[in-house]
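Participant: Spelled out, the chains give:
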Amino acid sequence: MFPMTLLFSATLETIYMVFVSGIVATLIGLPWGIVLYASRKGNIFAHPLLHQILAAIVNITRSIPFIILMIAVIPMTRVLVGSSIGTNAAIVPLSLCAMPFIARIVENALLEVHRGLIEAATAMGANAWQIVCKVLIPEALPGIVNGLTLTVVSLIGYSAMAGAVGGGGLGDLAIRYGYQRFDMRIMFVTILIIVLLVQAVQLMGDKLAKWYAHGKS
Amino acid sequence: MITLEHLYKNYITSRSTITALQDINVQVHPGEIFGIIGKSGAGKSTLIRCVNLLERPSSGRITVAGAELTALSAAALRAARRKIGMIFQHFNLLASRTVYDNIALPLELAGYTRKQMSDTIVPLLELTHLTDKKTAYPAQLSGGQKQRVAIARALASKPQVLLSDEATSALDPETTVTILQLLKNIRDTLNVTILLITHEMSVIKSCCDRVAILQDGELIEENEVGEFFTHPKTDIAKNFIASSVLQHLPAAIERHLLALEQVDTHPVLRLWFLQGTVTQPIISEISQQFNLHINILQANVEYIKNHAMGIMIIALRGENIKTEPAIRYLKQRGVKVEVMGYVPNDIAV
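Protein chains in written order, with numbering that gives the first Met the number 0: chain A, 0 to 216; chain L, 0 to 348.
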């Protein structure tokens, strides 16, 4: 008999992990990226030292392989969710891994915004906060959405890895049934579902980015 | 309306200090269109960006509409900037906003209600002929339309002063004419004082009341536009004017041009008709009086404000041409004459 309920709940677990960690990472990565951009030399809140510190944190966290990060943050995970195994526990390292990634993506998207627009807003009497909210973020939105799509796709991959150490989800299912019990059907279906998930996310992300770009190539 | 006093701007690099602006003094009167012309690198952009302090001058005083900007706090400066509109070479519209919402931006910044915004924006859309484009995004507009949106946006907060930073430099000549016409129209109907910078003489010619030349960070000549064209003082002014109205000889004739008079040659003259002379039939007068055949090789008459000026290149032909008395007569009538050279008679001109 084919374990439909098992597949269904594993898919839901993966979506849950990716969704929650994606939101947590965006909530922190987005402002982090904005500060990273704004504190750059010559920008609206220029503060080279702060910029260097934030950039260093991004580089350090991004250079730690996810599988090691996951184990290294176990003490922190225990404090935050009370356990080091399970779906909720996987959310902690997933969020931590995606945050600096998002910060960097947001910074790059903001750097693409033409300086003339900031100048025009300044000439209109905009303050720094208004420039961020009314000019920088809306203008960088297509780039930010593309970056977030990329992040979510990566998170789907990482969530499978989290499954390997008891995180639940599709990765967990593929390892336990597909690998350890040699059930090739489960392995195949799991891969298929992950591919479909990635496709769906990419498609929605592209549509959204295109909508925000308003005909701008 | 705009007063710049002893404005200096220096850029300090590790090795040296570069002076971008040196002792700039400008007084722009209310309701006037004042143009500053200069070649690229002369400091034009720095100068106009100093007026609303996008760029801080190293020293000097800037007063716009009675407010001394250089003495204001950051918050007061932001409030003062709302009364100074600015348009740019590359329009600087937000791609994420429609035409209507782009024009609404300065009003949002100033905290207008939706109703107040619409009351302000609808007439501006009409003024700039954009009513049917109000829901379009900038990516769907032509260059001229984009600049009109930018102008409407600059006017939204009802400024007394409009700064134009090479606003027509990215546009084709035809569109340039319509944009300059719009600027004049704005000055006439809304009484907005306009300070513009450009590198094109045609812009100065077609819409400015007064003009100043910026050269290597210094203002070297300032005049009323008609006077400027007819009586330029400095060599740089003369060059600017020459490049905009000067007529060149056709290449076929220039090839055969001799510096000195010889047997069987005839003279080629360049005539400058200044104020007054342009409306008189001087050419036909010398033709009759000195029994000359006059061949017009090039001619251009420009009307700048209420001044007219023309430049003409003519060849004088006839039996035993008496050039000297003809030239003397022309000079007597107020025409500036320049003998360009002599062309052999057997060259078909």
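Because the hints were derived from the structure by calculation, they are not lab data. Being a predicted model, the structure only gives us computed values, none of them experimental. One thing to keep in mind: the hints can contain errors.
Stated by the list, open to error - To give an idea of the interface, some chain A residues facing chain L are shown, with a C-beta separation under 7 Å as derived from the structure:
| hint | residue |
| --- | --- |
| 1 | G85 |
| 2 | A125 |
| 3 | A127 |
| 4 | E138 |
| 5 | G142 |
Using N, Cα and C, we set each Cβ at its ideal position, and we do this for glycine too.
Participant: Which numbered hints turn out to be false for this structure?
Facilitator: 1, 3 and 5
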